[in-house]
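As given, the protein sequences belong to chains A and B, one line each in that order. If you number the first sequence the way the numbering used here does, the last residue is 118 and the count never jumps. If you number the second sequence the way the numbering used here does, the last residue is 131 and the count never jumps.
In short, the hints are calculated from the structure, not lab data. Each hint should be verified, as a subset may be incorrect.
Unchecked claim - Subject to a maximum C-alpha distance of 20 Å in a straight line, what follows is the list of computed DMTMM-like cross-link-like pairs (lysine to aspartate or glutamate):
no., chain 1, residue 1, chain 2, residue 2
1, A, Lys50, B, Asp72
2, A, Lys30, B, Glu56
3, A, Lys114, B, Glu99
4, B, Lys68, A, Asp7
5, B, Lys75, A, Asp7
Claimed, not checked - Stretch by stretch, here's where chain A covers chain B in the computed footprint (C-beta under 8 Å, at least three residues):
no., segment
6, 55 to 61
7, 85 to 99
From the three backbone atoms N, C-alpha and C, an ideal C-beta is built for every residue, glycine too.
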Amino acid sequence: DIVMTQTPLSLSVTPGQPASISCKSSQSLLHSGGKTFLYWYLQKPGQPPQLLIYEVSNRFSGVPDRFSGSGSGTDFTLKISRVEAEDVGIYYCMQTIQVPLTFGGGTKVQIK
Amino acid sequence: EVQLVESGGGLVKPGGSLRLSCAASGFTFSSYTMNWVRQAPGKGLEWVSSISGNSTYKFYADSMKGRFTISRDNVKNSLYLQMNSLRAEDTAVYYCARAGGVGLNRAFEIWGQGTMVTVSS
């Protein structure tokens, strides 16, 4: 199974400041077809997860441009350029290159 | 409006069975791979199962193989999860999620609100 490791476990951020979350996979997520199957989700308190970023760096419809994704192979990063109060929740990375599909353990983002 | 609504959760004894349903609306259901993801209380997300648009391909997490069965009815625009031989560790909120297209590799773009399953004597 591909293990997804997220760091840090939690993050406390002052509004307006940047935040960064790392996700490392135990195997490359680069498919032979050229795409990399790494996704980022945010689960706000009491809500289901919502898709933020698909295939490493593409923002999903309606996602603010303060969210960006980067990385390749096995190392990936989600960045929030200026954290807002509505960004609190747990962020998860996920891979879909291989079954079983696996999620990272999550990173809890709180506001200072 | 694109929407997924789960139902069928509840309290069941260990060894019992439960069938979850997910009603889809607002999109061409048969054109999308559908998925089940669960979340135990206070824990992270765990993928459960996926099914292709025409039901040709079905995939399961190892701990659910042989106990859970995913299916869909493209006429009724519904996704199902039949859960047998339930264990305490199956206690979780179960989410239905629509992929971004027909493949297994696509993002989970749309999520339902979830249905709670509690396995306890």
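Evaluation of the provided hints:
1. A:Lys50 - B:Asp72: violated, 28 Å
2. A:Lys30 - B:Glu56: holds, 17 Å
3. A:Lys114 - B:Glu99: violated, 23 Å
4. B:Lys68 - A:Asp7: Distance ~18 Å between Lys68 (chain B) and Asp7 (chain A) Cα, so the pair holds.
5. B:Lys75 - A:Asp7: Distance of about 15 Å is within 20 Å: holds.
6. 55 to 61: Coverage by chain A holds for the segment 55 to 61 of chain B (4 residues, Cβ < 8 Å).
7. 85 to 99: violated (count 0)
When the structure is compared with the earlier hints, violations turn up for hints 1, 3, 7 and for no others.
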